[in-house]
Structures are given as structure tokens and as C-alpha cells.
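Start from the sequences and build out the full structure, keeping to the hints where you can.
Chain by chain, the residues:
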Amino acid sequence: MAALTEEQTLLRDSARAWVKDKSPVSALRKLRDAGTPLGYDAARWKEMAEMGWPGIIVPEAHGGSEFGYLSLGLVLEEMGRTLAASPLVSSSLGAATALMLGGNAAQKEKYLAPIAAGELVGTLAIDEGPHHAPERIAMKAKKTDAGYTLSGAKTLVAEGMAAGLFVVAARTSGRAGSTDGVSLFLVPADARGVKRAALQTMDSRGHAQVTFKAVKLGADALLGGEGQGWQVLEPTLDRTRAGLAAEMLGMAAAAFEQTVEYLKVRTQFGQLLSTFQALQHRAAKMFTELELTRSAVEAALQAIDTGANDIRELASLAKVRASETLHLVSNEMVQMHGGIGMTDAHDAGLYLKRARVVEAAYGNAAYHKERFARLNGI
Amino acid sequence: MAADTPELAAFRDEAAGWLAANFPASLKNRGHIMLNLNVETDEPDFVQWKQRMGEKGWGTPTWPRQYGGGGLSRDEARVLQQEMAKAGAWSPIGGMGVMMFGPTLLEYGSEEQKKRFAPGIVNGTTRWCQGFSEPGAGSDLASLATRCEDKGDHWLVNGSKIWTSGAQYADWIFCLVRTDTTRKHEGISFLLFDMKSPGVEVRPIKLISGNSPFCETFFTDVKVPKDQLMGPLNGGWTIAKRLLQFERQGLSGANGGPAGGTGGGTNRGPSDLVALARKYVGQDKDGRVADPALRQKLIDNAIRQKAFGLTLQRAAAEAKGGGGPSSATSVMKNAGAELGQERAELTLEIMGNQGLGWEGDGFDDLELGAVRGWLGGKAFTIYGGSSEIQNNIIAKRMLGMLDHQ
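Chains D and Y, in that order, give the protein sequences. Read in order, the letters of the first sequence are residues 949 to 1326 in this note's numbering. Read in order, the letters of the second sequence are residues 711 to 1115 in this note's numbering.
Hints were generated in silico from the structure; no laboratory data involved. Among the clues, some could well be false.
What the hints assert, rightly or not - Derived lysine-lysine pairs resembling DSS-like cross-links, with alpha carbons at most 25 Å apart:
hint, chain 1, residue 1, chain 2, residue 2
1, D, 1233, Y, 1007
2, Y, 936, Y, 861
3, D, 1088, Y, 989
4, D, 978, Y, 916
5, Y, 760, Y, 738
Printed below as a string of C-alpha cells:
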């Protein structure tokens, strides 16, 4: 565990208590069974906003607490533990970061405060195909006299149905595969030509397919320099990946703890499962993976807070470790629970289904291994 | 493939001729879909095909003729299978009766029981379910507690079973019951009874895949005729172990069914992962799957899949002399189950964002099917004796230790 300040310890403890009380796993189950396209509970999100969570990384000048990425990671980890649904990653982390890194004064002024207050949900609209490949963005933004015209589609946009603002990556020049020529745009969800359709993903969260049909934008919609969007997008994605990795760490830790608890109560062959050495060793393996993952996640978040120069490498490291650990633990949760873990009434399936979605989000382990290799000349 | 002996060549002609005359063209290659229906189709062609196969006994080709089976040798059965595959034909006779209960019945049932129960399996009119696991007796199956008392002119059964596959559709159950509470393995008997008996209640269990292939089954004062005990009183464990070998063999795909291709279970996934990867991930300029990490996994999977297929063939060749499934079934069950799960995970990874759908627009049927199949397949390493139990069996044999499982 990273050395936390007193404020951070308080934040984590209050998040843990709130999540346990107000957003246990049964809350996600209820959301799923009710089938809301929003994918989260608006009343709970309001409570989170009252506690200031959507503004944790946002500068004080824009209504946030400027508490940093590690602090937000602590909250996300707690949220992950119970699969608590909220726009914290997409809006308070992803969209807020894009604005903080690339926004001009007017854009920050207009959007950051409502995002920090939880009144506006923003989200990144990046992926266009089955796999996360931001370098290969093909969606076109055509320059016009008044600004730009956006045409194309984005898929699996997190909180896509709830979002009031999309941060859209499109190409103003260059070819798919080149990071030059990518530009970012701030597109209000109610802009003419924007259409969204809910995607019913296995994690029961609020994803959407968003299409942009000749959406006309003013020049002030451009976030960062024209064709220079990658300079904002890449660090934004890395911060989002690190934060999501914290959520995944929380998921894996909780899945592990519940599995160990089961081993301690289930008896077969006249003895507790926890006394079988084969199972003990598998639990020990998971524990080891969790410890390595925690180090990677915390290092990435701290590097962001201190402005270190290895954020890219650490973000990929954190996403790989979190993905592989969560993959292992979510599978073992089902296997070690045996038949009961296969039932819909048990929570193991909910962890498993959410796990595969976050494993894929913002680049799966394979994507980040390749990136880690490139960054390290392997 | 070795050339047929003259006798086999003649049988091959006979089989091809019979299939041409009796297998309806409208059913060609539809076995996968039609056999996965919970409620059997009443398409006239299917009904007729099932009746003819039942009469011929070729749904149970190696079973003796006197019980309605095909009476074929293993070689003839293999030829029949080849000819059926060639014709796009498939057996409409299946289920636990064919795969698990029937072979056990032929070994352990009384003459009267074989005559009574085999025909319903051969012609596919009686569906059987398996009453083995209980809430407190999963991996430790022999700790089962469902009570069976001798009431003079009948048995009285009380207790409950879990993970009873297809119990909601089954006509009969083969059930492990406790007839002696003072001994563990030696206090278990093997009982057969009608699922319509008063006191039987079935509740389907919803799984993480959204489907309910298994049930909880409750028995309250169920009266069972005395002649429906199979094997000796308190001798059920030996029969159960034999049946579990047939089950493992079936689950590993060693019967040559569709499981052989997908590595076990009923994992309905795309068969060609490499083609799928090219579609979803793309290829580099040399035609290789574009994602190197994924490519490595595909290579590993292909190699293990190939080795597994060869192992099934070798086991089949070695079993030719008869004797049925052996302790190697535990190896096959584990290898097959793991391969099946690995393929399902790989399928999801290949599909990426498209492999995360639950239902609705935005995902096609293959994508949604891959997700459900992946979730359902998590049971491969749990049912039929979990991987942990199979490993115990393998380890005990390897180490020369005594084994109750």
C-alpha cells in the first residue's frame, strides 16, 4: 500500500464505508434486473457528487478538490470491490483529464465545473472497431469555414447513454496508423446529427454506439491543436487506464477475498476446502499476483501525480497486470466455488462479466504488452 | 486411414445405402441446431428419422441386438460414423441414456432391467437424468445423504439432488441413494425411478449464462418399486464410478461427437479461430494474425488441440480390444475441458468489443453465442467431477495409491 496522506486515508475509508452501505454488489444486480439504459443509479451518483468525488482530480479553480490521481484511484478501487456503477472513470477521470490537458481557458471554464460537480457526464469516444486502436482512428473531421463537420461512428462508448458531452477523436489529416492528424473535439450529446443506441453489454453497464452524421461544430469545439490531438489523447488515455486499473485491482481483491472466505467455510471429504494444499497454493498464487498488481497500479497513479517521465510505460504495465490478475482471479472465483459459482444467484458471474469488459477497455493486455515492448525496445 | 477389409467395405456400402434411403435431405447438417433444442422438434422428417434410427439401433450402434442395439463391432461403428459424416447425417438418439446410463445398464443391470430399460434409450423415447450431486456432496460425491429406506414392498426416498441436468425434461432418473448410514462408500445404492412419481419436485437453476440446463430436484416420500434397484444393495458406488468413466469419456469428446472438435462440452463456438482472428484483428503484410500476443496464444491452442485430438485417436485405438473407458478418461476430461474453455476465452479476446454483448442490437448471433458459450463452458471444469477431482484420480493412479473416486 502506498504511503497515504491523512486526507487520502480518510477518503479511502469513507469510500469503503459508503460503497459497502450504499452500493453493494446487490445494487448492480438490481440495476441489471431493472434494465436501465443509463447503467448506473442517478440518485447514488448525486450522493457521490455531494462527497466531491467527481472533482477529485479537477483544479480548485474549476470547482474540484485537486486531490490527484492516486486519490481518485483509491476511490475507484473501492468502487471496483463491489462493482459499483458510476461515470467516475469515463467522466470524472477520462473527460476531465482531456479537458485539463488540452482545454483552453474557455473550454475549461465551460465544462470542468459541471463535470466536477457531477452535473455533466462527459466521456471519451475513441474506439471504432472490435479492438482499441487509437493510432488507427479513421473517423473524419472535415474543416469548414465555420469550423468542422464530423462524420462516422464510435463504438462501446462508456456511459454513452448518460453522457452530455463526448470527447471525440477524429482525423483532420493523415492516414489511419499515423498519430499525426488526429484531432479531438468536444461534442455536446444534443448536437444535431448525434445519435446513440444503447449496447446491452454483459456487465449491464451503460455503453452505447454513437453515430455522428455530418455534425457541424464551431472552431471552438477543437480540443488542443488541429492534427495535434495525440498529444492530449495519449496522456488522457494513460491516466484513464491507470484509474481503470485501480478499479480492476479492487474487483480482483474483492473476488479473491470472497473466494478465500468460501474455502474457509465449505467442507468436502470431511475437511474445509482451505485445508487442501492444492487450493492453498492457488490462493497463494493469486495473492502474489494481486500484490504485484497493486504495486504497478499505485506506481502509475503516483507517476501521474508527480509528473514523472515514465507514465506511458507504467500505465501499460498497470493495465497488463490488472487485466491478467483480474482474468485469473475472476476465473478462479467461479472454479473454486464450484457449481454454486455457476449460478446466476451468486456474485461470481457478475465479477466475471464485468472483468472481461474492463480487460478490453482502453486496450487489452495484448495491446499494452506490445506497447510496453515498443517503449522499452524489446 | 487404413483400407477397409472386404467385410468392412461391404458394410460401408450397406451403411451408405441405408443412409441414402432413410436420412431425410431436409435434416442434412442440422444436427447441431436440432439437438440443442430443449424441447424436441416435431418436424415430420425428424420424427420419421428418429423412428427409423431407433428401429435400426444405429443411435446405439455397438449395443447388443437383443436389447435393440445395432450389434455392430467397433470398426463397423467407426465406418458408420464416417458415412454419416459424409452424408451430413446425425444421430437423433442421444442424451444421458445413450452416453452414460445405457452402457452402465448393460454392464450392471439384471437381464430383466436391460430388457425393460434399454429399448426406450435405443429408440429415444425415454429421457434419463442423473441424480448424483447434492448441495453438501459435490466433489465429495460419496458423502451424499439422500435417504432410501426399505419399506418391505417398496423403497422410500427422501432428500434432494442438485445440478440434475435436464431434470425438467427427463422421464426417468438414475439416482445414487444412501441405504446405509453407518458406512460411506459402502452405504450407497443405485436406484432407478420415474420422474412422475408422487413426491418428485424439480426447480431449474438459472446459470451465469442466462440458461437453466441444470435443476434442483427434491424427493419427498417417493415410493419406488423394489425391482428398480440396480446392482446389489449398498453396491452402488462401484456402479457410479463406472458410470462416471462413461461420463468423462463423453465429456472429453472421445465418442467422436461434436465435442471432439471444440474440446469438450457443448461449447458452440466458431470452429476456425484463425479465420476469426483475421476477420476481427486483421493480418500483417505476411498474412499473419496482426496481434503478435494473440497469435502466440492461437499457436499454443492449435498445438494443444492437435495433440488432444491425437490422444483421443490413440486412446480409441488402444481401447479397440474392448474393455471400454479407462482411468485415462480423467486425463481426457481435463485436457478437453481446459481446451474448450481456452478456445472460448480466445474467441472473446479475438472479438474484442464485439465479444462483450449480452443481447440486443449491435452484436450478431455468433458474437452473442460466443459470450453465452463462454459462460456456459465455465462448467466444463466443474461438472462430471471437477478438474481438481480428476487431478486427484490421476495423481493417485500415478503414485500407486488406493482411490475411492
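Would the pair residue 760 of chain Y and residue 738 of chain Y pass a check requiring their Cα atoms to be no farther apart than 25 Å? holds (14 Å)
Restraint status (C-alpha distance of residue 978 of chain D to residue 916 of chain Y at most 25 Å): Judged against 25 Å, a Cα distance of about 16 Å means the pair holds.
Holds or violated: are the alpha carbons of residue 936 of chain Y and residue 861 of chain Y at most 25 Å from each other? Measuring from Cα to Cα gives roughly 9 Å; hence the hint holds.
Can you confirm whether the C-alpha distance between residue 1088 of chain D and residue 989 of chain Y stays at or below 25 Å? holds (23 Å)
Hinted pair residue 1233 of chain D and residue 1007 of chain Y, Cα distance within 25 Å: holds (22 Å)
The structure agrees with every numbered hint stated previously.
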